[in-house]
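> Each chain, written out:
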Amino acid sequence: GAGVSQSPSNKVTEKGKDVELRCDPISGHTALYWYRQSLGQGLEFLIYFQGNSAPDKSGLPSDRFSAERTGGSVSTLTIQRTQQEDSAVYLCASSLDSGPSGNTIYFGEGSWLTVV
Amino acid sequence: GQSLEQPSEVTAVEGAIVQINCTYQTSGFYGLSWYQQHDGGAPTFLSYNALDGLEETGRFSSFLSRSDSYGYLLLQELQMKDSASYFCAVRDNAGNMLTFGGGTRLMVKP
Chain R
905 GAGVSQSPSN KVTEKGKDVE LRCDPISGHT ALYWYRQSLG QGLEFLIYFQ GNSAPDKSGL
965 PSDRFSAERT GGSVSTLTIQ RTQQEDSAVY LCASSLDSGP SGNTIYFGEG SWLTVV
Chain C
200 GQSLEQPSEV TAVEGAIVQI NCTYQTSGFY GLSWYQQHDG GAPTFLSYNA LDGLEETGRF
260 SSFLSRSDSY GYLLLQELQM KDSASYFCAV RDNAGNMLTF GGGTRLMVKP
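These protein sequence lines are chains R and C, in that order.
If you count the first sequence from 1, you need to add 904 to reach the working numbering.
If you count the second sequence from 1, you need to add 199 to reach the working numbering.
Among these hints, one or two may not hold up.
Rough simulated footprint, nothing fancy, chain C against chain R, three-plus residues with beta-carbon under 8 Å [stated by the list, open to error]: (1) 916-922; (2) 946-960.
Chain R is faced by these chain C residues, among others (derived, beta-carbon under 7 Å) [stated by the list, open to error]: (3) Ala-211; (4) Gly-239; (5) Pro-242; (6) Gly-252; (7) Phe-299; (8) Gly-302.
Facing chain C, from chain R, some residues (calculated, C-beta under 10 Å) [stated by the list, open to error]: (9) Ser-931; (10) Tyr-939; (11) Leu-964; (12) Phe-969; (13) Ala-992; (14) Asn-1007; (15) Thr-1008; (16) Ile-1009; (17) Tyr-1010.
No lab work stands behind these hints: they were computed from the structure.
C-beta: ideal position from N, C-alpha, C; glycine also.
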């Protein structure tokens, strides 16, 4: 596609429910990132996929968070048993590779999650 | 691991020049990048420095000193639309994930 596509754009869920957030990266981009951003705060790294390598999961805040990337393209971030502190915008980004061009990453518009 | 420090907020007037500094600590280094984010929007790429010196792109320039683990973003001829948050980011030399600083909120006043 022309850009990184994320869905849903907005999600309101009840505490304790599971949510799935989807990211469709730019075609041909091998690197895919998930970040989390609370209102007015910085970008918190969650997870990074690069090609067929094992993902870097070092940023996932708890075992309630997981992500997968199928076929090296679409990725799904799953949050189980959501808590109010999970409320944030979840940003997906992709880049060509992990070389110099990987310094330019392209973000989607984010999925705004509100846990009530 | 990596960590980056940048001021939380900067205020300047329209037409002025502003410099946003970034210092970093990283186990390796593979480039310093800058991103702009308007309220409610997604971050967008501004510039990238792999080597020491100044990179200029229109009104925006970015500088890097690897020996000082320091860089800055220079915005000239400020416009109201430049009001946004600016993030510096580094990669380690394994070419792995991009780590962002906490962001600098720039407010441009008339």
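> Each hint should be assessed against the structure and marked as holding or not.
How the hints compare with the structure:
Given a C-beta distance limit of less than 8 Å, the hint that chain C covers the stretch 916-922 of chain R is violated, as 0 residues qualify and 3 are needed. With 6 residues having a Cβ less than 8 Å from any Cβ of chain C, the stretch 946-960 of chain R passes the three-residue criterion, so the hint holds. The beta carbon of C/Ala-211 comes no nearer than 20 Å to any beta carbon in chain R, farther than 7 Å, and the hint placing it at the interface is violated. Hint status for C/Gly-239: violated, given a least beta-carbon distance of 9 Å to chain R, over 7 Å.
Given the 7 Å rule on beta carbons, the hint for C/Pro-242 holds: about 5 Å separates it from the nearest Cβ of chain R. Because the beta carbon of C/Gly-252 sits about 16 Å from the nearest beta carbon in chain R, more than 7 Å, this interface hint is broken. Hint status for C/Phe-299: holds, given a least beta-carbon distance of 4 Å to chain R, under 7 Å. Taking 7 Å as the C-beta contact cut-off toward chain R, the hint placing C/Gly-302 at the interface holds, the least distance being around 5 Å.
Checking R/Ser-931 against chain C: minimum C-beta separation of about 18 Å lies over 10 Å; hint violated. For R/Tyr-939, the shortest C-beta to C-beta distance to chain C is roughly 8 Å, which falls under 10 Å, so the interface hint holds. A distance limit of 10 Å between C-beta atoms decides the matter here; for R/Leu-964 the minimum to chain C is near 13 Å, and the interface restraint is violated. A hinted interface residue such as R/Phe-969 counts as satisfied when its beta carbon comes closer than 10 Å to some beta carbon of chain C; here the least separation is about 16 Å, so the hint is violated.
Against a cut-off of 10 Å between C-beta atoms, the interface hint on R/Ala-992 is violated, since the closest Cβ of chain C lies about 14 Å away. Because the smallest distance between the Cβ of R/Asn-1007 and any Cβ of chain C comes to about 5 Å, under 10 Å, the interface hint for this residue holds. For R/Thr-1008, the interface hint holds, the least distance from its beta-carbon to any beta-carbon of chain C being 5 Å, beneath 10 Å. Using the Cβ-Cβ criterion of 10 Å, the hint placing R/Ile-1009 at the interface with chain C is satisfied: the shortest such distance is roughly 6 Å.
Proximity of R/Tyr-1010 to chain C holds as hinted, the smallest CB-CB distance being about 7 Å (cut-off 10 Å).
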